[in-house]
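Chains as they are written, first to last, in my numbering: chain A, 1 to 670; chain B, 1 to 255.
If you're looking for bench data, these hints aren't it; they were derived computationally from the structure. Treat the hints with caution; some may be incorrect.
Derived pair list, reagent style DSS-like, types lysine-lysine, alpha-carbon separation capped at 30 angstroms [unchecked claim]: (1) K29/B x K414/A; (2) K525/A x K17/B; (3) K154/B x K154/A; (4) K185/A x K203/B; (5) K573/A x K17/B; (6) K414/A x K203/B; (7) K154/B x K374/A; (8) K203/B x K535/A; (9) K29/B x K536/A; (10) K17/B x K517/A; (11) K98/B x K310/A; (12) K535/A x K573/A; (13) K398/A x K383/A; (14) K154/B x K377/A; (15) K512/A x K20/B; (16) K404/A x K17/B; (17) K12/B x K414/A; (18) K55/B x K573/A; (19) K98/B x K361/A; (20) K181/A x K203/B; (21) K211/B x K536/A; (22) K154/B x K414/A; (23) K515/A x K55/B; (24) K181/A x K211/B; (25) K398/A x K154/B.
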Amino acid sequence: MSKLDSRIPAGPLKDKWKNHKDHMNLVAPNNRDKIDIIVVGTGLAGGSAAATLAEQGYNVKAFCYQDSPRRAHSIAAQGGINAAKNYQGDGDSTYRLFYDTIKGGDYRAREANVYRLAEVSANIIDQCVAQGVPFGRDYGGQLDNRSFGGVQVKRTFYAKGQTGQQLLLGAYSAMSRQIGKGRIKMYNRHEMMDLVIVDGKARGIIARNLVTGEVERHSAHAVVIASGGYGNVYFLSTNAMGSNVSAAWKIHKKGAYFANPCYVQIHPTCIPVHGTQQSKLTLMSESLRNSGRIWVPKKIEDSVAIREGKLRPENIKEEDRDYYLERRYPAFGNLVPRDVASRAAKERCDAGFGIENNDTKEGVYLDFSTEIMKKGKEAAIEKHIHNPTDQQIYDLGKQWVEEKYGNLFVMYEKITADDPYKTPMKIYPAVHYTMGGVWVDYNLQSTIPGCFVIGEANFSDHGANRLGASALMQGLADGYFVLPYTIADYLSADIRTGAIPTGTSSFDEAEKGIKDKIDFFLNNKGTHSVDHFHKKLGHIMWNKVGMGRTPEGLREAIKEIEEVRNDFWKNVKVPGEREGMNTELEKAFRVADFLELGQLMAIDALHRNESCGGHFREDHSTPDGEAERDDVNYKYVGAWEYQGNDINAEVLHKEELIYDNIEVKTRSYK
Amino acid sequence: MSAKKGLHLTLKIWRQKNNKSKGQFETYKISDVSTDSSFLEMLDILNENLINEGKEPIAFDHDCREGICGMCSLYINGRAHGPDTGITTCQLHMRMFKDGETIVIEPWRSAAFPVIKDLMVDRSAFDRVMAAGGFVSVNTSGNTLDANAIPVPKEDADRAMDAAACIGCGACVATCKNGSAMLFVGAKVSQFALLPQGRVEAKRRVLNMVKAMDEEGFGNCSNTGACEIECPKGISLENIARMNREYMAALVDQG
Ligand SMILES: Cc1cc2nc3c(=O)[nH]c(=O)nc-3n(C[C@H](O)[C@H](O)[C@H](O)COP(=O)(O)OP(=O)(O)OC[C@H]3O[C@@H](n4cnc5c(N)ncnc54)[C@H](O)[C@@H]3O)c2cc1C
Ligand code: SF4
Ligand code: FES
Chain A
1 MSKLDSRIPA GPLKDKWKNH KDHMNLVAPN NRDKIDIIVV GTGLAGGSAA
51 ATLAEQGYNV KAFCYQDSPR RAHSIAAQGG INAAKNYQGD GDSTYRLFYD
101 TIKGGDYRAR EANVYRLAEV SANIIDQCVA QGVPFGRDYG GQLDNRSFGG
151 VQVKRTFYAK GQTGQQLLLG AYSAMSRQIG KGRIKMYNRH EMMDLVIVDG
201 KARGIIARNL VTGEVERHSA HAVVIASGGY GNVYFLSTNA MGSNVSAAWK
251 IHKKGAYFAN PCYVQIHPTC IPVHGTQQSK LTLMSESLRN SGRIWVPKKI
301 EDSVAIREGK LRPENIKEED RDYYLERRYP AFGNLVPRDV ASRAAKERCD
351 AGFGIENNDT KEGVYLDFST EIMKKGKEAA IEKHIHNPTD QQIYDLGKQW
401 VEEKYGNLFV MYEKITADDP YKTPMKIYPA VHYTMGGVWV DYNLQSTIPG
451 CFVIGEANFS DHGANRLGAS ALMQGLADGY FVLPYTIADY LSADIRTGAI
501 PTGTSSFDEA EKGIKDKIDF FLNNKGTHSV DHFHKKLGHI MWNKVGMGRT
551 PEGLREAIKE IEEVRNDFWK NVKVPGEREG MNTELEKAFR VADFLELGQL
601 MAIDALHRNE SCGGHFREDH STPDGEAERD DVNYKYVGAW EYQGNDINAE
651 VLHKEELIYD NIEVKTRSYK
Chain B
1 MSAKKGLHLT LKIWRQKNNK SKGQFETYKI SDVSTDSSFL EMLDILNENL
51 INEGKEPIAF DHDCREGICG MCSLYINGRA HGPDTGITTC QLHMRMFKDG
101 ETIVIEPWRS AAFPVIKDLM VDRSAFDRVM AAGGFVSVNT SGNTLDANAI
151 PVPKEDADRA MDAAACIGCG ACVATCKNGS AMLFVGAKVS QFALLPQGRV
201 EAKRRVLNMV KAMDEEGFGN CSNTGACEIE CPKGISLENI ARMNREYMAA
251 LVDQG
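Only chain A is shown next, with the shape it has when bound in the complex (with noise of 0.2 angstroms):
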């Protein structure tokens, strides 16, 4: 029978986390060097937790497969991060950031996890200023703010378009200092290949050393997965390139329940693919759609001619061009959440609108050209310039945004050859991020006993879809002031167990079960890389599990995924030895569990008959192409139970989702 008991603390919803804290048990600070704590993953959530849990006390010992935990995916993110301070006096409170998440989430999410997230997270930016985070300042010395997609207040804290990047090595640097003191043993370079389970609960894993090959067996009291999405299951995303599934897959595969795999955030405001040879996406942060406006040409001649190259989009005239997003939702214009920017985009490059010259014609243009003149207005006033030359005014505005974002500027020239300053940016959605994951209780504890799973690795609070700065507070909530009170709750009743032995029979399965799939692996006399089915698998997943779904389109998904799967387990050719470093037999693993997960997502598209967030069914529409939510069948959180091989065997378990303090409607940008 279902396993799914949320735990949620009885009382108002305001009170929860706090009575909830208030009576978990505790394990006594002299206790806790008894106890040993495994964290797979350093980014956000794993780094924070890590850093946490071994300064109270206890023996942590933290893995990840970069040769830096500093190069946790983290890094990577641009926008900023949001907390509840009102510090800019424009409404924010603990509610506001609550119902906005939730709204966001397209109520697809938990009312108690949200509203302990949104509470928690002014501690955040507290807690990372004290650890000399250089967030962004205005000239009194105070924090600044901005705004980000589907909000109106300015609550986003942001470290110039590198946040992710300064959280991380805040997070990095607090660990840094528990593994100069010895509280921390740091595996750099190592991988988690799967989760040993000892009389039901979690007690250790098994790695492998990256740089030597070897498979080596860790005991601890609990394991804490912190291994990030799985936006890489469509090949082309904006993660990093390791980024992977197979932690999060391989519990699943112990018993761990996976959570609505098909939420999927498609971000707005990438560069577009380039061609066959691309190896992945780049975002434009979302802080961009603040100053610039998006738009197509309004004659479908125009299109064609500038993707001939034989028209310039600086010389269509402003009455020539479709601003969509803001003919369409006038109330938050460019500003709409990420998943109906990203719809609206397609929907215009279906039209035959698209502006850029590759093989799908798929662009659509970011322009900041009318902010560049506004600033240099403003800024001319400032300057006391009377009657300033169009020039002036250009050169003034484009050094607002030169200091503004800078840096973004500069990497899409690399990339592109083209000035943004001169030519408007070429955008178009990419896969980013992931709202699925392992499905966990309040506690963030999975359906394996000691098991915890924590950031964008579980699926908690973000529901069908995910507003901006949400992740890395998420991950940080998790990590720094969630984790390590509820997973004491757990460890409490293993203080006097003792270190737990690794010569078990558990561990025995456990490691062969890995070798003799290196075994497989490398004696495999097949035809074609470990990226050739990864391609293939992408391929599929973009085109019928992408932005558009259609139940036709998911039943053929199913069915092709599993034949590439079972072609992967004939055919994949995989060089190298057992020893040393062998990046390809890295990938081999990670490819086997995405192609498991794919079959998966399409699954779980295929049932939920209504669109929400991130899942747009095109048979859920309405007639002007907005998502139609259906509440009365589906409020659930959908959790898939592993059955052995045959993923279409997965069996559903619903969580329904209460909502006590909000009314539930009809989410509209108009």
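Starting from the structure of chain A, add chain B with the ligands where the hints point.
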């Protein structure tokens, strides 16, 4: 994209099985590389070809491919991160090269960064320097002051941010004839020295980090400035000067 022309290139690449074996250059040919591809995408294509020919692909480090994680490295035609300035190897695009060109690709070469395999090196010395003091000793409990209770002048915050932008790639070390890590360490020391939060333990920090840096086998700075030129994040030499000032002051203080 069909219209763009493809490049035909000769690649001389350093191959080395592991840190115990000797390495050597191997020559490879590659054709039809789109000028829109990145340098690492070019290597992906080469690797795909090698695998199809039943050979072992070339090991190189990379992850974000956006110029921010600091994982990619490579000495290309005698320059750290290749011929363009202000970028990492993953941001280098093939339009910087000419059809028919020969490109020489080597790993970072520095005593403190041993080769792991082919083009991949071990930069964990940086982590150990960080563990020696690259932090503010504040508990992660969240029981800190309100963030705005520590006002920071905008100029200081901006300069701290500029120093903090270092991605720990190691190009500075690789490019320095002495193998000095001063730009990297100077950047971190400066970030904290410029912020009130970091001042409290500034002396301890600089002494410990410099000590760890020396122990790791990094060379000394002789002010040639090559590091600043090759740094993909524009970390300025000022940071080395600031570190030296901090260090001298801390020494004097120590007596
Ligand atoms: C380009 C980009 C920009 C973004 N901008 C923003 C933004 O402005 N605001 C915002 O809120 N969010 C943003 N996001 C989203 C946000 O960055 C991520 O959701 C978040 O950082 C995820 O953090 P994490 O700690 O859960 O995982 P990650 O940072 O992905 O860390 C995963 C960790 O797990 C390790 N790992 C994975 N698998 C294994 C394994 N099998 N064994 C061992 N270790 C493993 C990795 O080594 C890594 O340390 C952005 C994302 C991208 C891609
Ligand atoms: S100082 Fe520059 S070159 Fe050196 S590690 Fe930092 S970013 Fe790389
Ligand atoms: S791969 Fe991350 S900086 Fe180049």
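Hint check results:
1. K29/B x K414/A: holds (26 angstroms)
2. K525/A x K17/B: holds (23 angstroms)
3. K154/B x K154/A: holds (19 angstroms)
4. K185/A x K203/B: holds (27 angstroms)
5. K573/A x K17/B: holds (20 angstroms)
6. K414/A x K203/B: Roughly 40 angstroms between the alpha carbons, so the hint for K414/A and K203/B is violated.
7. K154/B x K374/A: OK: K154/B and K374/A at ~24 angstroms, within 30 angstroms.
8. K203/B x K535/A: violated (52 angstroms)
9. K29/B x K536/A: Satisfied, since the Cα-Cα distance of roughly 26 angstroms is no more than 30 angstroms.
10. K17/B x K517/A: holds (23 angstroms)
11. K98/B x K310/A: It holds: about 27 angstroms lies between the C-alpha atoms, which stays within 30 angstroms.
12. K535/A x K573/A: holds (15 angstroms)
13. K398/A x K383/A: holds (15 angstroms)
14. K154/B x K377/A: holds (24 angstroms)
15. K512/A x K20/B: With Cα atoms ~29 angstroms apart, K512/A and K20/B stay inside 30 angstroms; holds.
16. K404/A x K17/B: violated (46 angstroms)
17. K12/B x K414/A: Roughly 25 angstroms separates the two Cα atoms, so the pair holds.
18. K55/B x K573/A: holds (11 angstroms)
19. K98/B x K361/A: holds (28 angstroms)
20. K181/A x K203/B: holds (19 angstroms)
21. K211/B x K536/A: violated (51 angstroms)
22. K154/B x K414/A: Since the Cα atoms of K154/B and K414/A sit roughly 29 angstroms apart, the hinted pair holds (cutoff 30 angstroms).
23. K515/A x K55/B: holds (23 angstroms)
24. K181/A x K211/B: holds (16 angstroms)
25. K398/A x K154/B: Within the cut-off at roughly 21 angstroms; holds.
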